[in-house]
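> Quick note on numbering: the UniProt record's numbering labels position 61 of the sequence shown as 61, and the sequence is numbered without any gaps.
Treat the hints with caution; some may be incorrect.
Pairs of lysine to aspartate or glutamate residues, derived as EDC-like cross-links and limited to a Cα-Cα distance of at most 16 angstroms, are as follows [to be verified]:
#: 1; residue 1: K190; residue 2: E374
#: 2; residue 1: K190; residue 2: E228
#: 3; residue 1: K190; residue 2: D240
#: 4; residue 1: K190; residue 2: E164
Pair ranges (Cβ atoms, derived) [claimed, not checked]:
#: 5; residue 1: D414; residue 2: D528; range: 53 to 63 angstroms
#: 6; residue 1: L375; residue 2: L163; range: 37 to 47 angstroms
#: 7; residue 1: R218; residue 2: R80; range: 23 to 33 angstroms
In case anyone wonders, no lab produced these hints; they're calculated from the structure. All C-beta atoms in this analysis are idealised placements derived from N, C-alpha and C, irrespective of residue type, glycine included.
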Amino acid sequence: MTETGRRSFHVRYAGADDAVRERVRETLEPTYRVTTVSEADSPRELLDADADVDCLVLASDATDGTTTLTDSLEALGATRPDLPIVPFVSVADIDGTCREWAEALLEAAVSDVVYRDVDADDAGDAEPGHDYEHDHHDPVRRLRNRIDDRYEQSVADAGETVLEIARSLMGAAPDEVDIEIEWGLESVGKRLDADRALVFDYERETDRFVPTHTWFARPESIGENEPEPLPTASFPGYRDAIRAFDVHAIPAETGPDSSPEATLESSLAADAEVGSDDDFEIPEGFIGDIETMSGGEGAADADSALDSTSRVYLEERDLEALLAIPIVVDWELTGVLVVAGRHRRPWPTTVRRQLRTLGELIGHRLERRRRRRELVRQNDRLEQFASVVSHDLRNPLNVISGSAQLVAETGDDDYLEDVIEATERMEDMIEDLLTLARDGDSVGQTQSVALEAVVQAAWNDVATEDATLEFDAGELPTIDADRGRLRQALENLIRNAIEHNDGEVCIRVEATDDGFAVADDGVGIPPDRRDRIFEEGYTEGGGTGLGLSIVETIVSAHGWSVAARESEHGGARFEIATEPSSSASPSDNPQTRVDTDERH
Numbered sequence: 001m002t003e004t005g006r007r008s009f010h011v012r013y014a015g016a017d018d019a020v021r022e023r024v025r026e027t028l029e030p031t032y033r034v035t036t037v038s039e040a041d042s043p044r045e046l047l048d049a050d051a052d053v054d055c056l057v058l059a060s061d062a063t064d065g066t067t068t069l070t071d072s073l074e075a076l077g078a079t080r081p082d083l084p085i086v087p088f089v090s091v092a093d094i095d096g097t098c099r100e101w102a103e104a105l106l107e108a109a110v111s112d113v114v115y116r117d118v119d120a121d122d123a124g125d126a127e128p129g130h131d132y133e134h135d136h137h138d139p140v141r142r143l144r145n146r147i148d149d150r151y152e153q154s155v156a157d158a159g160e161t162v163l164e165i166a167r168s169l170m171g172a173a174p175d176e177v178d179i180e181i182e183w184g185l186e187s188v189g190k191r192l193d194a195d196r197a198l199v200f201d202y203e204r205e206t207d208r209f210v211p212t213h214t215w216f217a218r219p220e221s222i223g224e225n226e227p228e229p230l231p232t233a234s235f236p237g238y239r240d241a242i243r244a245f246d247v248h249a250i251p252a253e254t255g256p257d258s259s260p261e262a263t264l265e266s267s268l269a270a271d272a273e274v275g276s277d278d279d280f281e282i283p284e285g286f287i288g289d290i291e292t293m294s295g296g297e298g299a300a301d302a303d304s305a306l307d308s309t310s311r312v313y314l315e316e317r318d319l320e321a322l323l324a325i326p327i328v329v330d331w332e333l334t335g336v337l338v339v340a341g342r343h344r345r346p347w348p349t350t351v352r353r354q355l356r357t358l359g360e361l362i363g364h365r366l367e368r369r370r371r372r373r374e375l376v377r378q379n380d381r382l383e384q385f386a387s388v389v390s391h392d393l394r395n396p397l398n399v400i401s402g403s404a405q406l407v408a409e410t411g412d413d414d415y416l417e418d419v420i421e422a423t424e425r426m427e428d429m430i431e432d433l434l435t436l437a438r439d440g441d442s443v444g445q446t447q448s449v450a451l452e453a454v455v456q457a458a459w460n461d462v463a464t465e466d467a468t469l470e471f472d473a474g475e476l477p478t479i480d481a482d483r484g485r486l487r488q489a490l491e492n493l494i495r496n497a498i499e500h501n502d503g504e505v506c507i508r509v510e511a512t513d514d515g516f517a518v519a520d521d522g523v524g525i526p527p528d529r530r531d532r533i534f535e536e537g538y539t540e541g542g543g544t545g546l547g548l549s550i551v552e553t554i555v556s557a558h559g560w561s562v563a564a565r566e567s568e569h570g571g572a573r574f575e576i577a578t579e580p581s582s583s584a585s586p587s588d589n590p591q592t593r594v595d596t597d598e599r600h
């Protein structure tokens, strides 16, 4: 791979020599964004008030000479104390006063100095046929190397950004978590000069990664590469790294460490030669133009070891670099944090460690919200149980009490039929309540299940009376499900159709594009009531009011969705989509969709 992306790093060159300015621009572009200014009346004028300059190259002819260098650096430091400054010094401009220059630079804590000797090959005089790209003594090339170093340092540490994101995430309310995560992705993406940053949720049931939070530096790129769910087999680095909780980095090399100790060590070990003709004194303790050679033989073979899955992922999205961080909570893989860019770059150990911390923070914050929502659901379910027990069970108890009193007063045994019917109704309600309480919204081990066989088994377990069952043999799909709970759901759908249509009803089960449907030719469900039928305790009479709630719970536990509509013959039709939605996972959004739109 080659470097194709334009970095957002903004370099400003300040110098009076037109030829040098043009050479610098040609050398740095298009990799960097470059602006230039000529000689300024004051140092502050070298920077626009609103300029987003990331590095300033200060030529020795940009101000009034050596007498104003200290003032220039002090003024620039007051304007932008965090701005990297690289002096680009002509030996002729400082002839006889090198010590004063060096002392001023040391006082201002500026060590990255690039010297050029105008008596030899001037930086502005391009010699025809000369290979400046590989001339290690060419001053502009050495300046480019220094800018490369500055850029690598700028994207080699995201500690402050991650700390700020952590503060915001830990203090966010549950309904603010998504916004804070996406803001965090934007912050870390910009800090690392990335093209995109995404959080994928790992769906264990479907063995795939689903994007839940995204940031793109260029909105126009979203249209071509809209993030979609990816099976683990197509996710970069899953087989070799992520499933083992390891970081997957492309390219694999870590690059220079961003710590001050490592930077000093590499600087001292580098070649400090600035040219054989540079005959001037450098004060003791001053590190001048240190040439750090990057690349090397190891980097040349980095792409050859790139696995095919990662290669396809990068090529389809026009990316050159990627860092995939596994998100692990309680020793389980819950997702992946991905940061990727359009230009080749190393991923320093510092950045990998910081992004792993960010990924874990995001994972724990999402898990905390999920558990909170689970507690809310359990509390709601407890309240619904209490309502059913206190209200719905009281009705048959009142029937039993009243009928027993009438039997005692009149001696008429006919009232005992009401007692028996009320008792049976209570028994059904208690059984359904136990089902909800015992199984809840969980499923056991899922497996490949032939829907036709489960439908037939459910039909055999229900008192079907005068009802009939229809389905096209061999046409029903095979789905991944908990066989026992799927059978429970089908039993309740069949029983619901029979109870609300006096037993004389035709029930048809058929395949759909994304699952299957159970329909009948009975009285149907009024459109204005379809949004309530899955509520616990809701019934129009004849049932316990819990059957469809059980159906909804089982469907939701599988990560599916159910919609209540009108059948072809005017009855009820329940469509169950077994293909999971790309925008939600069962662990984060277990509420099943109820479609109230009427289909004609």
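> In ascending order, which of the hints set out earlier in this document are inconsistent with the structure?
1, 2, 3, 5 and 6
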